[in-house]
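Build the full structure now, drawing on both the sequences and the hints.
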Amino acid sequence: MPSLKDLKNRISSVTSTQKITKAMQMVAAAKLRKAEELAAAARPYAGRMNDVLAGLSAAYAGRDDAPRLLAGTGSDQTHLLIVATAERGLCGGFNSNISRLARDHARKLMAAGKTVKILCVGKKGHDVLKRLFADQIVDAVTLREVKQIGYANAQAIGEKVLAMFANGEFDVATLFYSKFKSVISQEPTAQQLIPAAFEANEDSAEPVSYEYEPGEEAILNDLLPRNISVQIFSALLENGAGEMGAKMSAMDNATRNAGDMIRKLQLSYNRQRQAQITKELIEIISGAEAL
Amino acid sequence: MADGNVKVEIVSPERLVLSENVQSVTIPGQEGNFTVLGEHAPVMSVLRPGFVMVEGGSENLVYVRGGFAEVSDGTVTILAEDARPAKQFNRQEIEEALAKAQQDVSAANGAEETEAAQLVVDSLSNLMTEVEHMGSAIVTGL
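Taken in sequence, the protein lines are chains A and B.
Here the working numbering is used: the first residue of the first sequence is 164, the next is one more, and so on.
Here the working numbering is used: the first residue of the second sequence is -13, the next is one more, and so on.
None of the hints are false.
Now the in silico label distances, taken between C-beta atoms and shown as ranges: (1) Lys342/A to Ser111/B: 36 to 46 Å; (2) Arg307/A to Glu79/B: 16 to 26 Å; (3) Ala93/B to Thr305/A: 26 to 36 Å.
Treat the hints as calculated values from the structure; they're not laboratory data.
Where is the CB? At the ideal position from N, CA and C, for every residue including glycine.
Following this line, the structure appears as structure tokens:
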């Protein structure tokens, strides 16, 4: 049985923990709003890009002269997994959900006899994956110093991936990140970057026949590499919003748990204090009776 | 559109830079500048670094770099990796853009490309001088 003093110390320590988690929750809520705005601002660009490329690439489906970024190298022996996670922890299962999806994917590929290479973006995913796949990790990018993710950050990663592809270091690239659905729900997602896959736009009634300047093929060759960076950029922004959402709900839970704990500790503290008073009274009374 | 207006949308990966109805838009296409009025035929063109000129809008000059323009159905959509209204440039940003433009000049092959890239360098230098004169970037035209 802990003494009264012990209980008092524990109550005060839990109270200060609660203050910290409460503050972190409020910070996350403020950052979430900003991250959501950024993600929303980036959506039109990525959406238009996807529509245009979907239209352009449809013409190349199944043709031999399609660009390699679209058609692939013709083999699927070497896979590159780009795993984008957050830089910081304390956000519930956010990081581990992404790493788990990537890990399962990597195991499946390795069981099928494929070669796997991993490119980590963000510290947390790297920490987990380097224990399991130390030999497979080819590079790790941290964005720790970056306050606000800009397109330039995504572009740097995109160029790295393209350079590796040009050197023939992999055949298929898949991007792992977390899709921001709502504050309480983020969905870990695997998205194939190379060869490029586009969501077909269903509501486009009839395709407009464009004049292309310079040529259709030149435009496609110009846009496909850009699209890699754009997809990485929107993944990073979705991750940013998701991380804050996950952090907010994790910290909200932590605050509530701390509150429960304080109530319990306070109860046993009061009980013990009462017991002590009663004990002292009994001692005094029985002392007086003995006289 | 009936009133001869075009709707212009300039989008960068980070935000929607401009979206409004204007009279005309001049776009620095890969194969030369072209102006879009209402009822322009559908065109898709790769951009070369330069300035989009907008007539009858709240911004009249927007710097763009990397990307493409799509014209269809009275709407011009410009997707550029870097897009900024000239008014919102600060000195450092102009210097960065200028450095990139000068790289383009040295990387250009053929007289035509060099000329086009040189034009961007000149426009940016003009912008720079104006910024220096005004203290803040208030640009009316180049």
